[in-house]
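Protein chains: 2
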Amino acid sequence: MEDPRDQTSGVQISDAVHPEIYDEEGVVRASFLASIGAAIADRDTLALKHEVSRLHQSEMGDVLEALMPEQRLALVDLMGADFDFSALTEVDEAIRMDIVDNMPNAQIAQAVQELDSDDAVYILEDLDEEDQDEILAQLPFTERVRLRRSLDYPEETAGRRMQTEFVAVPPFWTVGQTIDYMREDNNLPERFTQIFVIDPTFRLLGAIDLDQILRAKRTVKIEEIMHETRHAIPATMDQEEAARDFEQYDLLSAAVVDANDRLVGVLTIDDVVDVIQQEAEEDLLRMGGVGDEELSDTVRATSRSRIPWLSVNLVTAFLSASVIGFFDGTIEQMVALAVLMPIVASMGGNAATQTMTVTVRALATRDLDIYNAGRIIRREAMVGAINGVIFAVLIGIVAGLWFQNPDLGGIIAAAMVINMMAAALGGILIPLLLHKFGADPAIASAVFVTMVTDIVGFFSFLGLAAWWFGFF
Amino acid sequence: MEDPRDQTSGVQISDAVHPEIYDEEGVVRASFLASIGAAIADRDTLALKHEVSRLHQSEMGDVLEALMPEQRLALVDLMGADFDFSALTEVDEAIRMDIVDNMPNAQIAQAVQELDSDDAVYILEDLDEEDQDEILAQLPFTERVRLRRSLDYPEETAGRRMQTEFVAVPPFWTVGQTIDYMREDNNLPERFTQIFVIDPTFRLLGAIDLDQILRAKRTVKIEEIMHETRHAIPATMDQEEAARDFEQYDLLSAAVVDANDRLVGVLTIDDVVDVIQQEAEEDLLRMGGVGDEELSDTVRATSRSRIPWLSVNLVTAFLSASVIGFFDGTIEQMVALAVLMPIVASMGGNAATQTMTVTVRALATRDLDIYNAGRIIRREAMVGAINGVIFAVLIGIVAGLWFQNPDLGGIIAAAMVINMMAAALGGILIPLLLHKFGADPAIASAVFVTMVTDIVGFFSFLGLAAWWFGFF
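For the protein sequence lines, the chains are H and Y, in the order given.
Numbering (full-length UniProt numbering) for the first sequence: 1 to 472.
Numbering (full-length UniProt numbering) for the second sequence: 1 to 472.
Because the hints were derived from the structure by calculation, they are not lab data.
Note that the structure is predicted; figures quoted are calculated from it, not measured.
Just so you know, not all the hints are guaranteed correct.
[Said to hold, decoys possible] Label-pair ranges, simulated between beta-carbon atoms:
no., chain 1, residue 1, chain 2, residue 2, range
1, H, Thr365, Y, Asn187, 29 to 39 Å
2, Y, Arg148, H, Lys49, 44 to 54 Å
3, H, Thr219, Y, Asn187, 46 to 56 Å
4, H, Glu241, Y, Asp152, 34 to 44 Å
5, H, Ala30, Y, Thr298, 43 to 53 Å
6, Y, Asn260, H, Gly374, 35 to 45 Å
7, Y, Ser322, H, Glu241, 30 to 40 Å
8, H, Gln110, Y, Asp238, 51 to 61 Å
9, Y, Asn187, H, Lys221, 40 to 50 Å
Cβ atoms here follow ideal geometry from the backbone N, Cα and C, with glycine treated the same way.
Using the sequences and the hints given, assemble the complete structure.
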């Protein structure tokens, strides 16, 4: 079959694709990395530029991440002014810092001017203030003021993520005037899907999607087709909250306004997608007891970041151990209890993790609230009871046969039911309470929940055994 | 301060906002629900329509989820033809099915015609085939063919998620002709950001973003400004893979093509955002040992879906218990071992979960690959050794003092170092191996990883004690 792309001769190729740089797994091909590596080793600037010139910024980012640290620096160095700084927005923070720290501020200032303001801010915000000031001082006035304004908003706000390039027109213009303006003005943002309507003081009056403009006759006035900007985002709004607005209302871009409702920038869906990914990743990592880790972090940074969580777990583990210690006489008389007790704790821990995961996720997506909390708690308790009974019977039979002791089987079964109920209630109530008191349930739930199932598991099993066999 | 919205009088309000339906937590206000509930109870259709008429589809979805099941059905019933079906794309599957199952197929057929094709497919795909056929049979021919085509693509593919409404023009048209066409044609999609260029057989030649059209003079030919559609998505491509393209290349929409490279639809970023959310949610739930659960699932469904994971855990728990059983004589002679052994296992389990979480996430985002696997494994082993030594010292001192037995302190310290190393290696190698053999590391890693840390923890601690104290 003929390749349809053969028909596109004469077509303007904006930024051509290199599908061949990835293998079927989506990993950068070793052969491509090898030829880049060879060009770097030979300091063959021409060959290097030829290899990477047609890469998309995100492809360049993947290549940078796949290279050795010293190769990265050499590549940036060899590329000189031809290095596309936007690729730095696509790599891990540690790699970005490594590259930027190795460049003179004058070169960064030069490169930053080529970038959209949101990309420039993304790179500048991680630098220390001194470097930031030195770089900003070397920029043209308008550029400097724009970037400074973004950087003055707190981290993780809409103001930090916004792009300060946008198209804005007065309400009394016609569609024809607007189109002519866009045809003539060379200072338009690289991409846009919406134009904004403002008064002479930059107060936001409304917005129009581009398709609305294309559907309207030239004589129609802008104010007739603009719509109220219902989702204007205050620059100080948390980026996660802004992302939620984008998701809920299927926005492609939204106006960002300052405290006086003046238009200061535009937040676009591509940045929001990054925020959504980042927030989902944070939740997952927090549930697993790790912080803002990246694969490129050092051993020292990784080790240190994991210690707090392990320390909390150490305390709760000693608490559970002290419950066992309370029954040391019982265990001495029947060592089978020591063999079986981790099973009760482990099953409870697993059941609790299931409930907790669903709860934490439902809280994050706001699916769990005061209206359905009661219903969900009842449901989880029921599920805990049902699964508790099912596994109690199983474990009771196996344990009874294993130690040739039906009483022991009955006791572990009873302890299982108790612990599965505790798991269900702990798995939902602990995240709910943490959320209620303003703590992040993703980060703190797991440790408390397993503490509950360990303690209840050991106490119910050993306690029942001590009582039944009269070991007190 | 004056509200800027006061200046927007005379503005066309496309779908007005109800910010007051949410409280500060983002939860639907009880007062709003109460007034809807009252209107439903009174069967006051007029009041009901007044309350909900200005809601965005996603707001309506939130209201439906917050209502009692019988209120939902009554609301849909009372609203009749005024009920906006697109709200059903914003609620949990169980709620959607409950509402749709209670409607005659004729009414569904009527409602589906008002929807964009992607929303219609989203609702139809969960129905059984018989109902689907009956509903499709009542649709006009073009509509029927379009929906049928989408439904014929496998679940979770681009073909299922695409919208079949799009704007396509021939390459020899001018910008002026294209704009005039859009001004006249009333059959345009509700929203679009890109128009496609096709040959007479619908073969895709290129695409143009709307801002490119607005920048070009009327006399410019489409083929001069169109760009090659580098990211045309095969209709059979998995939606997750398509989402990855959107993320990597910051796409707003992409052409979907059939096996013959003919344009069949367009995939838009708002649907992709949903896919990204859904996939991130799936990963999180799988890591927690739960499947595709929704809060609205029944007790029975929830209980059943959680049993497989608990069963696997049961087997591994018995395996660990049998390791302890092997040392029952040792424990009998020193019951302190039974008290302390869960600490070793628990710390190992936690450390392993940290490593595993980072590994699973890195695999999902393709940050972990053959180039850096060796380096990351070494890093994790180092982190495991360092944190192992730190916590070994802590635990050793506390345990030695607790039982007044320095030897016991030394033994638990040694076992901790061993288990933390095992945790680090298990935490990274198990997900890597599962991934290599095509299994989903998110779903299966946790159970194997904790099995490793339990078994190594119990075996190293009890084994070292038996050897040191000569209990064999």
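query: Taking the CB of Arg148/Y and the CB of Lys49/H, does the distance hold inside 44 to 54 Å?
result: At roughly 50 Å between Cβ atoms, Lys49/H and Arg148/Y fall inside 44 to 54 Å, so the hint holds.
- prompt: So does Glu241/H sit 34 to 44 Å from Asp152/Y, Cβ to Cβ?
  reply: Cβ of Glu241/H to Cβ of Asp152/Y: about 40 Å, so the range 34 to 44 Å holds.
query: Is the hinted range of 51 to 61 Å satisfied by the C-beta distance from Gln110/H to Asp238/Y?
result: 42 Å, violated
query: Holds or violated: 29 to 39 Å for the Cβ distance of Thr365/H and Asn187/Y?
result: 36 Å, holds
field: Distance restraint evaluation - Asn260/Y, Gly374/H, Cβ atoms, bounds 35 to 45 Å
entry: Since the Cβ atoms of Asn260/Y and Gly374/H sit about 55 Å apart, the hinted range of 35 to 45 Å is violated.
query: Does 40 to 50 Å hold as the CB distance between Asn187/Y and Lys221/H, or does it fail?
result: 25 Å, violated
query: Should the hint that Ala30/H and Thr298/Y are 43 to 53 Å apart at their CB atoms be regarded as holding?
result: 50 Å, holds
field: Ser322/Y paired with Glu241/H, Cβ distance criterion 30 to 40 Å
entry: 51 Å, violated
field: Consistency of beta-carbon spacing, Asn187/Y to Thr219/H, with hint 46 to 56 Å
entry: 23 Å, violated
Violated hints, in rising order: 3, 6, 7, 8, 9; the structure is consistent with all others.
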